[in-house]
Amino acid sequence: MKVRVLFFASLREQVGRAAEEVELPAGVATVAGLRAHLMARGGAWGAALADGRRLRAAVNQDIAAPEAALRTGDEVAFFPPVTGG
Amino acid sequence: MKVRVLFFASLREQVGRAAEEVELPAGVATVAGLRAHLMARGGAWGAALADGRRLRAAVNQDIAAPEAALRTGDEVAFFPPVTGG
Amino acid sequence: MASFVGLVRDRNDGAAVATMTLEHYPGMTEKAIARIVDEARGRWQVIDCTVIHRIGELSPAEQIVLVAVASGHRGDAFAACEFIMDFLKTQAPFWKKEATPDGARWVDARASDDAAAARWAPPPNNRAA
Amino acid sequence: MASFVGLVRDRNDGAAVATMTLEHYPGMTEKAIARIVDEARGRWQVIDCTVIHRIGELSPAEQIVLVAVASGHRGDAFAACEFIMDFLKTQAPFWKKEATPDGARWVDARASDDAAAARWAPPPNNRAA
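Quick mapping for you: the protein sequence lines, in order, are chains A, B, C and D. So in our numbering, spot 28 of the first sequence is number 28, and the numbers just go up one at a time. So the mapping is simple: our numbering equals the position in the second sequence, first residue as 1, plus 1000. So the mapping is simple: our numbering equals the position in the third sequence, first residue as 1, plus 2000. So the mapping is simple: our numbering equals the position in the fourth sequence, first residue as 1, plus 3000.
Check before you lean on any hint, since a few could be wrong.
What the hints assert, rightly or not - Which chain D residues face chain A? A few, computed with CB under 7 Å, are given here: (1) Tyr3025; (2) Met3028; (3) Lys3031; (4) Ile3047; (5) Cys3049; (6) Leu3088; (7) Lys3089; (8) Ala3092; (9) Trp3095; (10) Ala3099; (11) Trp3120.
No lab work stands behind these hints, which were simulated from the structure alone. Positions of the beta carbon are idealized from the N, C-alpha and C atoms, including for glycine.
Start from the sequences, fold in the hints, and give me the full structure.
Take a look at the structure:
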């Protein structure tokens, strides 16, 4: 299963990219699973995604909880708490 | 003791004037006393000032209670509840 | 910066409004507005505050009143602006007269405006001006 | 009509701010704002509502955001406007980066903004959209 992953703001700078296609290994089917899969890359990935309190996710442009299920083709975004307005 | 009395809005129309000088008889020394003195003129005066719930007063341009004391030269205004804004 | 603009209604209490005329009490008006603004400044952090209230004859959709409050804190700007509006409605000496197809009539004060002003409790002693 | 305009601060957290850059999430931004406005319309009587949020580089004192709400009821206009601002601050995908004499830094989310949004209880069932 393949998903499109986006990164914004400080998180985008930390991981050094704005977007990528990610092929999920078998058994990875939630936002939390994707996060763990990316953290396992180590280095900046582990650091950037480590602090759950500073991490937000959206699936198909709606805020999503860690347990939210993923389907092939989904757009998943990770970003820090928002600061607009 | 003489005071200047002003009338506004519907009250001004009912009593047919916007302002007048009033010589207070002995013993009349409060807003309530002035009101009673004006009501005693009868006719439109009684009707216009009869309903206490629809009557407001100010002394020297500050909202005043019926028991507020009057002094010579004071500016006393009677008007209905305000409806600006 | 929070602001409020009040517009002349084109219908009120079931009747079409052709024009609206605002009478006021010159002298007391300025004093009452200054007092309301001072009270708001004592309750909230206010950088600047503007109140403009029109008088005389206005047409539907024309602006009657503008209250604008600048503050470093969003919540303070909203609270001070709404406070000033609620007290303008109940404390400042303005009276509206509407011209309708059935003739002219004075607008009645609303219980809902008194209720809105009464929501604001007196300021705590430690923040009073 | 109640409105709120947010301006770029010239100082924040003790440092001078030279410029501020707003990043956002195209697509989700529009969706999040539409959802917040729908929620406000479900809770209050709203005649019309405008939300404008700028992106990209801004200078101090420039306008960041405008929320304007027209309603037949003053209290509804104020409440809906403040509700939309509180939820824009906590739900809409915008991120501020400030350029200061010590370099660029991302602005931290504020606990006070979460608290402001949390004040708004879910709508009663009988008024839910």
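*Of the numbered hints stated previously, which ones are contradicted by the structure, given in increasing order?*
When the structure is compared with the hints, numbers 4, 5, 10, 11 turn out to be violated.
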